Amino acid sequence: EPEVTQTPSHQVTQMGQEVILRCVPISNHLYFYWYRQILGQKVEFLVSFYNNEISEKSEIFDDQFSVERPDGSNFTLKIRSTKLEDSAMYFCASSVQAGVYGYTFGSGTRLTVV
Amino acid sequence: GENVEQHPSTLSVQEGDSAVIKCTYSDSASNYFPWYKQELGKRPQLIIDIRSNVGEKKDQRIAVTLNKTAKHFSLHITETQPEDSAVYFCAAPRGKSSGSARQLTFGSGTQLTVLP
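If you read the protein sequences in the order shown, they are chains A and B.
The opening residue of the first sequence carries number 5 in the working numbering; numbering runs sequentially from there.
The opening residue of the second sequence carries number 193 in the working numbering; numbering runs sequentially from there.
Nothing false has been slipped in among the hints.
Over the 10 angstroms line for every Cβ pair with chain B, so calculated as not near, a few chain A residues:
no., residue
1, Pro12
2, Val16
3, Thr17
4, Gly20
5, Asn32
6, Asn56
7, Asp66
8, Arg73
9, Pro74
10, Asp75
11, Ser77
12, Asn78
13, Lys82
14, Lys87
15, Leu88
16, Thr116
Keeping only pairs whose Cα atoms sit at most 20 angstroms apart, straight-line, the calculated PhoX-like set for lysine-lysine is:
no., chain 1, residue 1, chain 2, residue 2
17, B, Lys249, B, Lys260
18, B, Lys214, A, Lys46
19, A, Lys61, A, Lys46
20, A, Lys46, B, Lys234
21, B, Lys214, B, Lys263
22, B, Lys249, B, Lys263
No lab work stands behind these hints, which were simulated from the structure alone.
The model shown is predicted, which means the values in this text are computed figures rather than measured ones.
In this text, a Cβ means the ideal position worked out from N, Cα and C, and glycines have one as well.
Let the sequences and hints guide you as you build the complete structure.
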């Protein structure tokens, strides 16, 4: 079964540093998403991406965050100047069609800001 | 925007008993309701979903019911087993209308513990 792949699985970074989280969506999927989950809390939407541009973003997705699809396979989330409260599990997801049908989540990147 | 409420936050059942988790949503335009199971440290995995044109859907021991009038939907697990122990999240779409990459709004989760 096709999978959404995320790297790294765990990233530890110093507060104030920049991090890039990487995702390889399923190859025929067209819609891409980033979510985050603070430990013990619910999954929260960050941003959706289609046709090389952001479709929607949440209040969490401020100027500190950016997304990019640098080539035909990768989808990245960049966090500039990380804060302690950015520590969370970050999940990438993709879907082949519009809407939320057929959403597949990646295995996640645990980001720890120290 | 969509608001999804989920109850209970924790649920313990004896192995073999049934478990029911309920969610309510606020956006009457929502038309798709997935349920995810998340084991500790792992990704949310879709276990069942329902579209708004049906009232119930079953898949072996798992079923989901939808009441559009009351704007609530429920997950039913029968003959529970210890491996059903996990956090379960309901979700509903919000955002732009069909044709765009819509986001999911998740409930706060239910920690289900199945006691052997």
